[in-house]
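Turn these sequences into a full structure, and let the hints guide you.
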Amino acid sequence: MKARIIITPKKAVVDPQGKAVQNALLQMGYKGISAVHVGKYLEIELNGIDRETARQQIDEACRRFLSNPVIEDYHLEILD
Amino acid sequence: MNVGVVQFPGSNCDQDVVHVLRNVFGVSARYIWHKSSKLGPVDAVVLPGGFSYGDYLRTGAIARFSPVMSAVQQFAENGGLVLGICNGFQILCEAGLLPGALVRNRSLQFRCEYVFLKTLNRNTPFTLKVPPDQLLRIPIAHGEGCYFADEAILAQLQAENRILWQYCDVNGNPTEAANPNGSLLNIAGICNARGNVAALMPHPERACEPILGSTDGKFIFASILAFLTERVALSTPKPEIFAGAKDHSNTTPAKNLEFGGKGF
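First to last, the sequence lines map onto chains R and L.
In terms of this note's numbering, the first sequence opens at residue 1 and continues consecutively.
In terms of this note's numbering, the second sequence opens at residue 1001 and continues consecutively.
Some hints here could point you the wrong way.
Said to hold, decoys possible - Beyond 10 Å from chain R on every Cβ pair, some chain L residues (computed):
hint, residue
1, D1016
2, N1023
3, R1058
4, N1078
5, Q1134
6, A1141
7, N1171
What the hints assert, rightly or not - Listing some non-contacts, in silico: residues in chain R with all C-beta distances to chain L over 12 Å:
hint, residue
8, I7
9, L25
10, Q27
11, M28
12, L42
13, L46
14, D50
15, R55
16, F65
17, N68
18, L76
19, E77
What the hints assert, rightly or not - Under 8 Å between C-beta atoms, here's a sample of chain L residues computed to sit facing chain R:
hint, residue
20, A1061
21, F1065
22, G1100
23, A1101
24, R1111
25, F1148
26, G1182
27, L1185
28, I1211
In short, the hints are calculated from the structure, not lab data.
The C-beta atom is built at its ideal place from N, Cα and C for all residues, glycine as well.
Okay, structure coming up:
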């Protein structure tokens, strides 16, 4: 079992990295790019626990540690 | 007087802080290893600058769960003075001891330069020795010092006079040009509601000796030491009992000469 977590900066937080990447893409000639958000991707391998426990546990870890709710949002998926 | 300076793996301003306390101010300072679950007899704690845990995940995110942080939290809850500098500020925000967060500088650049700071509230243990109307010229050195908090928190910080220092120009105006990292409201440093936990991104420990180009950082350490000395003078000494971190109004100082006299 695997947990996949995507962490992105909250919309209200200025994301200078996203802005810099967006500018570079536009400079390279790519069209139609209206915004870029740079976040983080985490993969956590799990075994020996059931899916629901895994979800609850990792969800809690996302809130307490893996993301900072002041500045970030997260999306969690549990995969077999 | 004992000041504890916490060392995390990756702290790199710990020795500077200890040097200033011992050699500039002549007070006892000692290191507290991050794995220690006790602070020992200390009157104040400094979380120094650096790159704890390589800034992995987020600045301060891993350090915040070091064993020593439970003791720091407890010390703060009991009214003990805690000062965070740079990475120490980031750790205190991650730990929830201070509101908000420090994010990537808006310029994306690591900024290493002198800034001017305006002290907005001189009625705190961290600012009481800052002369009125004097700007502090202190260096910064950070890549992630852009202070962010939502509007409600910012309004609360303002209403409660908890913004201690703001980046400003040479005339004391908090302009956008004088803001090195994009911090909201030009915030360089704040304190908690109780006023016993404060932090700033600039490095006062790098501005305490003329040879370094500025001695303005001394005002911040002098404030802490003056506050503690006054507290020591006001309270009834009970050297045999350590109670270094009780409420401001009723405090027994940590007069532990075991640490005080040896000069580590």
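Here is what the structure says about each hint:
no. : hint  : in the structure
1   : D1016 : holds, 28 Å
2   : N1023 : holds, 37 Å
3   : R1058 : violated, 6 Å
4   : N1078 : holds, 24 Å
5   : Q1134 : holds, 31 Å
6   : A1141 : holds, 18 Å
7   : N1171 : holds, 27 Å
8   : I7    : violated, 9 Å
9   : L25   : holds, 16 Å
10  : Q27   : holds, 15 Å
11  : M28   : holds, 18 Å
12  : L42   : violated, 9 Å
13  : L46   : holds, 19 Å
14  : D50   : holds, 26 Å
15  : R55   : holds, 21 Å
16  : F65   : violated, 7 Å
17  : N68   : violated, 6 Å
18  : L76   : holds, 16 Å
19  : E77   : holds, 19 Å
20  : A1061 : holds, 7 Å
21  : F1065 : holds, 7 Å
22  : G1100 : holds, 6 Å
23  : A1101 : holds, 4 Å
24  : R1111 : violated, 13 Å
25  : F1148 : holds, 6 Å
26  : G1182 : holds, 7 Å
27  : L1185 : violated, 14 Å
28  : I1211 : violated, 35 Å
Hints 3, 8, 12, 16, 17, 24, 27, 28 from the earlier list are contradicted by this structure; the remaining hints agree with it.
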